[in-house]
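Number of protein chains: 2
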Amino acid sequence: MATPCLLLERHRMERNISRLKQGLSALGVGFRPHLKTAKSIDIARLLMPAASGPCTVSTLKEAEQFAAGGVRDILYAVGIAPNKLSRVAALRRGGVDLCIILDSLEQAEAVVAACNVRQRIPVLIEIDSDGHRSGIRPGDAALIEVGRRLHEGGAELRGVMTHAGASYDQAGAIFLRLMAEQERSNAVLCAEQLRAAGLPCPVVSVGSTPTAHFAQDLRGVTEVRAGVFVFFDLVMHGVGVCAIDDIALSVLSTVIGHQREKGWIVVDAGWTALSQDRGTSRQAVDQGYGLICDVAGRAYGDLVVRSVNQEHGILAIREGSESALPELGVGTLVRILPNHACATADHFDCYHVLDESGRVSANWPRFSGW
Amino acid sequence: MATPCLLLERHRMERNISRLKQGLSALGVGFRPHLKTAKSIDIARLLMPAASGPCTVSTLKEAEQFAAGGVRDILYAVGIAPNKLSRVAALRRGGVDLCIILDSLEQAEAVVAACNVRQRIPVLIEIDSDGHRSGIRPGDAALIEVGRRLHEGGAELRGVMTHAGASYDQAGAIFLRLMAEQERSNAVLCAEQLRAAGLPCPVVSVGSTPTAHFAQDLRGVTEVRAGVFVFFDLVMHGVGVCAIDDIALSVLSTVIGHQREKGWIVVDAGWTALSQDRGTSRQAVDQGYGLICDVAGRAYGDLVVRSVNQEHGILAIREGSESALPELGVGTLVRILPNHACATADHFDCYHVLDESGRVSANWPRFSGW
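Protein chains in written order, with the numbering used here: chain W, 5 to 374; chain A, 5 to 374.
Don't read these hints as lab results, they were simulated from the structure.
All values derive from a computational prediction rather than experimental measurement.
Each hint should be verified, as a subset may be incorrect.
Identical chains blur together in the list; that is why a pair holds if it fits in one copy or across any two.
Only pairs whose alpha carbons sit at most 25 Å apart, straight line, appear in this in silico SDA-like list of lysine to any residue [to be verified]:
1. Lys65 x Ala55
2. Lys266 x Asp290
3. Lys65 x Arg370
4. Lys25 x Glu113
5. Lys266 x Pro86
Build the full structure now, drawing on both the sequences and the hints.
Printed below as a string of structure tokens:
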């Protein structure tokens, strides 16, 4: 295999999927996996409850690609732009139940203008449950105003959704349980407010990988979304959601040089392969741009990627560690565990799928773009 | 056009190319443009002295793609891994004068083992002129040892090369002139040492965008490499190499929401479009993840991308600025100037080429990968 390339340990991925499915099933809630991490129809089929879905996507290209693969129940979970409504309508005319999200009256007006007797676009109102990014804050009068405009204007008001993006920011079970309950209670509160105003709200959708794994009670929630858990990564390990041995994705790379007096090993994986994600820089253990394992997947103590250029990665022992630099000659293959699996995977067009013996058993295509 | 997408202002790019070509021509030195930034045969043809080259690449995929487009004189400027030599040999059998680089005896042994009477692989020895990354330090006895092994083992010792990567780290003409002279003098010194040892060294290759623009004397150098200058970017502006008006590349994005009480505008360009490059965070003016312009390309004062998620960018006024947040309604198109053009362009498969009137006059494909 030419390096750098992307390796996927199938048994780890399948274990990650089973674990979350069992957990959500025990809580009596539906599962709508987020496919933005994988962007692969092969992986989508392992994630989704059925070949037809449901699923969540982050781009209309994902919706189009998965629709071409037979998926029929899709949530496009990024606030809708008016200039994207024609692609939404085309997918719906093609038989896909594509649902969109929004958080403003401006967007609601644009959606209503695109609806007619043959075309009622389904909409979830986005709720801001943690101040992380988008959504209407619970208690804001805009919720009812937007809901009413959609319902009376000819759209299908299908419910509410929220994403606890701030659950990535701290670590530990107590924090994550609190975040999960905050996500649930804010979404359910908004759903109840809509219903109290005489508006429909059949769907209450929540989710992030940390909260999906730490929720203890999901009363009032109808479905959970999560994406990065399929591969896991060093950021999720730092948050406390997974073990290093759960990380199913790595970049295979070749040693191309040394600066021995500096303790550097140079490899052929730079930011075009690893991404520039530094999510672990804010965590208790800074993993640089990735943690180094041997070709069989065993971590070399504290060897990390200290810096990246376009096609070069520089490996060194983590600052403050007493570990010795391993002797890795030119041509040695190493595996690099990613900080952020979504960001790393996005640089590759193919997964080399490893079976339990470490042999490549399949190559699964991956797409990117919009 | 669906957003996010990549815009390229052709007249700015052509002005950037002409400026550097004229400068190097005045210094009496050859030009071997680095195509890793553009990864487009259309742009390669505007950059190279002739359709056959010469050029520099950072991956063998670039070499293969440009060879398919008729380029015949290619320098692969990342230290060679032994497992890549079969692809090097295949390109050379196809009639491409592909030259490789290395900085160790281990690599030299692998190259010599791949050479035979019909196949003398040309090699430049990489010199570390500034402690930035790879290469043999001037004065290290390894230089002659590696050179002799290549020359006597049946490879073609073609010369030396260096890249002043540390020239990105500080700003200002005085610093950049010093860096250019350091790059030149170290490369020329090593070339002279090889020649004094009775070894051939016809090529002395140097380059980085900052040093290529600030070199005042290139005696002893045969060719200069530079890449990012073709588009320029905010990091190069911060270093002092270009004006904002020289930046030819931007990402077109759509406003999809607001968090008005926080002063945030949300757009549909996240790290999948902009990259996570934060090169300006170490500079006098921190541009966040990009500087915002209107659709015609005029910057809105101090409006920058303060944070990115996968498909969301959050715009806000730069910290410390007194500027007012512009009122940009949902659906408004904005252009985002990139911190690092190489990293941003790498997320797109096409350039939308704008003529001087701002009309899209062409779509040029772009590749990525290895």
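Under the constraints set out in the numbered hints, which ones does this structure not fulfil?
The structure conflicts with hint 4 only, although it agrees with all the remaining ones.
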